[in-house]
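Enquirer: Given next are the chains, with one letter for each unit.
Number of protein chains: 2
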Amino acid sequence: MPQAQLLKYLEGITAEGHIGMDCSVVPTRHKGLFLISTTDFFYPLVEDPYIQGKIACANVLSDLYAFGVVDCDNMLMILGVSEGMQQAEKDVVTSQMIAGFNDLAHEAGTSVTGGQTVKNPWPIIGGVAFSLCSEAEFIRPVHAVAGDVLVLTKPLGTNVVTNVHQWLEHADRWSRVANITTEEEVKRGYEMGMQSMSHLNRNAARYMLTYGAHAATDVTGFGILGHAVNLAGNQNADVSFEIHTLPLIRGALACDKV
Amino acid sequence: MPQAQLLKYLEGITAEGHIGMDCSVVPTRHKGLFLISTTDFFYPLVEDPYIQGKIACANVLSDLYAFGVVDCDNMLMILGVSEGMQQAEKDVVTSQMIAGFNDLAHEAGTSVTGGQTVKNPWPIIGGVAFSLCSEAEFIRPVHAVAGDVLVLTKPLGTNVVTNVHQWLEHADRWSRVANITTEEEVKRGYEMGMQSMSHLNRNAARYMLTYGAHAATDVTGFGILGHAVNLAGNQNADVSFEIHTLPLIRGALACDKV
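So the sequences go chain by chain: Y and A.
So in the working numbering, spot 33 of the first sequence is number 33, and the numbers just go up one at a time.
So in the working numbering, spot 43 of the second sequence is number 43, and the numbers just go up one at a time.
No lab work stands behind these hints: they were computed from the structure.
The structure presented is a predicted model; accordingly, all values stated were derived computationally and were not measured.
Glycine residues also receive a C-beta, built at the ideal position from the N, C-alpha and C atoms.
It is possible that part of the hints are untrue.
Residues of chain A placed beyond 12 Å of chain Y at every Cβ, according to the derived structure [said to hold, decoys possible]:
1. Met21
2. Val25
3. Arg188
Listed next, the in silico SDA-like pairs over lysine to any residue satisfying Cα-Cα at most 25 Å (straight line) [to be verified]:
4. Y:Lys31 <-> A:Glu135
5. Y:Lys90 <-> A:Val149
6. Y:Lys119 <-> A:Leu156
7. Y:Lys119 <-> A:Lys31
8. A:Lys119 <-> Y:Pro121
9. Y:Lys119 <-> A:Asn179
10. A:Lys31 <-> Y:Glu137
11. Y:Lys119 <-> A:His165
12. Y:Lys119 <-> A:Ala228
13. Y:Lys119 <-> A:Ser95
14. Y:Lys31 <-> A:Ile243
15. A:Lys119 <-> Y:Trp122
16. A:Lys119 <-> Y:Ala228
17. Y:Lys119 <-> A:Thr220
18. A:Lys119 <-> Y:Glu137
19. Y:Lys31 <-> A:Val26
20. A:Lys154 <-> A:Arg202
21. A:Lys31 <-> Y:His106
22. Y:Lys119 <-> A:Arg202
23. Y:Lys31 <-> A:Ser111
24. Y:Lys119 <-> A:Glu137
25. A:Lys119 <-> Y:Lys31
26. Y:Lys119 <-> A:Asp91
Just the calculated beta-carbon pair ranges, DEER-fashion [unchecked claim]:
27. Y:Lys257 <-> A:Gln86: 24 to 34 Å
28. A:Glu169 <-> Y:Glu107: 48 to 58 Å
29. A:Gly32 <-> Y:Gly109: 43 to 53 Å
30. Y:Ala237 <-> A:Asp71: 34 to 44 Å
31. Y:Gln87 <-> A:Ala254: 30 to 40 Å
32. A:Gly233 <-> Y:Val145: 33 to 43 Å
33. Y:Ser134 <-> A:Arg206: 25 to 35 Å
34. Y:Arg29 <-> A:Trp122: 34 to 44 Å
35. A:Leu225 <-> Y:Arg29: 31 to 41 Å
Required output: the full structure, derived from the provided sequences and hints.
Expert: Okay, here's the thing in structure tokens:
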């Protein structure tokens, strides 16, 4: 959904803080403790349902990590089980998505203790992550000042490479990029994208706390520009972000221009 | 999804406690405090998107209330925006669903502070609710003993009346129930169902704590039988539930037999 439209729908919601940011932070009835929570999903952009599950889990946790939260206390899993599959296929795909999500949650030192299942035309998996934190255990991403350095922890272009990888199966679409990339480059980019997306940003969260980062966000559905504008707009100080050097998955830029 | 199949998918998940119950309960790093959380959804079974939003919110909170949790600390909203609607229709429906969810959250003394949006063929709305509780502020629903009385806080038959209400628009389907009910009865049942489903069970949660209830569950997608079997199976004691007198929305029973 377009970002502007989403924000329009959410106008009616009056939350304290910054509703466009990655996590919700609410003070609890227990003094000095904040409940930090987020929910996110991942669509079947990759062919391997196990990896889809891992990416979905990394995607949810990434929101916490963008707040400098290192320890997730608990996760819920939300599962869209495909109605368009045969039973045997559905069993394998669903079980593999769950396994991928669950395994990465354990790697992150947390666990999945509940959730909900819905029927959907395509398989979808997402979840909820929360952490109960004292003020020192997280960073509100609103303190950027002039002179701060922006760091990107993963290469851009994952959306492009997963899309172009699907084009390998469609001759007419593939013909649009056949002269600017190769099957080998696309497959390599796709592997790199899957690996990157299923990699936890937990160390980045640790470094944020260690080095007193001023702000952060995770770059997902709205792209680098959408998320940068959103992050800049949420700063207490009047700042503008200058983004000049972007790490990219090889081949993604050329294909993105098609 | 059939309950048995769902439980099969979830076999790989090793959570402490009872994964089939309404909420997840996890101890936090902060002594004596538990994070109680749940997620749930509601489909467009009713025609009014505002009521759909309210029902979705009541449905999520109902899981907390079934654990005797009176105060929800925070909610997230999960929104499926329909791809099958014209823009103007989509704007109205989405805004109304959000407003309904949000209004009922406020009525429940909590608020929505975040969430996520996904594209979907049909409009769907759900969310996440959590509460940070000390041991005295909630009830683990596993302490039923022989002699306990079962109390149902809402009438059954909401699924039937919402379905039959849709049949009013389909002459061939309506003909199957035309001789056992009337349009007036169906409309009355539908109104009652909507009112019932969008009504908070918060007082029931208060009474659970006041009178030391031993166990509870909310009766939703799996029906009274599915949820009763699940609840009975999760008890520490070896109990069986005898359900003999069921409050029903008028007309629902006859239609259910068609």
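Enquirer: Does each hint fit the structure? Answer for all of them.
Expert: Results for each hint:
For A:Met21, the requirement that its beta carbon stay farther than 12 Å from each beta carbon of chain Y is not met, with the minimum near 8 Å. Non-interface call for A:Val25 relative to chain Y: violated, since the shortest CB-CB distance, roughly 8 Å, does not exceed 12 Å. Once the 12 Å rule is applied to beta carbons, A:Arg188 is consistent with being away from chain Y; the minimum gap is 30 Å. Only pairs whose Cα atoms come within 25 Å are accepted, and Y:Lys31 paired with A:Glu135 is accepted, the gap being roughly 17 Å.
Taking the CA atoms of Y:Lys90 and A:Val149, the gap is about 41 Å. The hint is violated against a cut of 25 Å. For the suggested pair Y:Lys119 and A:Leu156, the alpha carbons sit about 23 Å apart, so the restraint of at most 25 Å is met. A threshold of 25 Å between alpha carbons decides the hint, and for Y:Lys119 with A:Lys31 the separation of about 39 Å lies outside it, so the pair is violated. Of the pairs offered as hints, the one joining A:Lys119 and Y:Pro121 holds, with about 11 Å between alpha carbons and a cut-off of 25 Å not exceeded.
A threshold of 25 Å between alpha carbons decides the hint, and for Y:Lys119 with A:Asn179 the separation of about 33 Å lies outside it, so the pair is violated. For the suggested pair A:Lys31 and Y:Glu137, the alpha carbons sit about 16 Å apart, so the restraint of at most 25 Å is met. Taken as a hint, the Y:Lys119 and A:His165 pair is honoured in the structure, with Cα atoms around 22 Å apart against an allowance of 25 Å. Note on Y:Lys119 and A:Ala228: the hinted pairing holds, with a Cα-Cα distance of about 23 Å set against a maximum of 25 Å.
Between the alpha carbons of Y:Lys119 and A:Ser95 the distance comes to roughly 23 Å, so the proposed pair stays at or under 25 Å and holds. Between Y:Lys31 and A:Ile243 the alpha-carbon distance is near 44 Å, which puts this suggested pair outside the 25 Å criterion. Restraint check for A:Lys119 and Y:Trp122: the C-alpha separation of about 11 Å stays at or below 25 Å, so the hint holds. Between the alpha carbons of A:Lys119 and Y:Ala228 the distance comes to roughly 23 Å, so the proposed pair stays at or under 25 Å and holds.
Taking the CA atoms of Y:Lys119 and A:Thr220, the gap is near 15 Å; set against the 25 Å cutoff, the hint holds. Simply put, A:Lys119 and Y:Glu137 have alpha-carbon atoms about 34 Å apart, too far for the 25 Å limit, and the pair is violated. A C-alpha spacing of about 19 Å is found between Y:Lys31 and A:Val26, which places the hinted pair at or below 25 Å, so the restraint holds. Our distance criterion of 25 Å between C-alpha atoms is met by A:Lys154 and A:Arg202, whose separation comes to about 12 Å.
Among the hinted pairs, A:Lys31 with Y:His106 is consistent with the structure: their alpha-carbon atoms are about 22 Å apart, no more than 25 Å. At roughly 29 Å between alpha-carbon atoms, Y:Lys119 and A:Arg202 are farther apart than 25 Å, so this suggested pair is violated. Annotation: proposed proximity of Y:Lys31 to A:Ser111 holds, straight-line Cα distance about 19 Å (limit 25 Å). Simply put, Y:Lys119 and A:Glu137 have alpha-carbon atoms about 34 Å apart, too far for the 25 Å limit, and the pair is violated.
Taken as a hint, the A:Lys119 and Y:Lys31 pair is broken in the structure, with Cα atoms around 39 Å apart against an allowance of 25 Å. For the proposed pair Y:Lys119 and A:Asp91, the alpha carbon gap of about 24 Å is at most 25 Å, so the pair holds. Restraint check, Y:Lys257 to A:Gln86: a C-beta distance of roughly 32 Å satisfies the suggested window 24 to 34 Å. Between A:Glu169 and Y:Glu107, the C-beta spacing of about 50 Å keeps the proposed range 48 to 58 Å intact.
The hint said 43 to 53 Å for the Cβ distance between A:Gly32 and Y:Gly109, and at roughly 22 Å that hint is violated. Separated by about 36 Å at the C-beta atoms, Y:Ala237 and A:Asp71 satisfy the suggested range of 34 to 44 Å. With their beta carbons about 34 Å apart, Y:Gln87 and A:Ala254 fall inside the hinted range of 30 to 40 Å. Checked against the hint of 33 to 43 Å, the C-beta distance between A:Gly233 and Y:Val145 comes to roughly 57 Å, which is inconsistent with it.
Remark: the range hint 25 to 35 Å for Y:Ser134 to A:Arg206 is upheld by a beta-carbon distance near 30 Å. At about 37 Å, the CB distance of Y:Arg29 to A:Trp122 agrees with the hint of 34 to 44 Å. A:Leu225 and Y:Arg29 have their C-beta atoms about 37 Å apart, which keeps the hinted 31 to 41 Å range intact.
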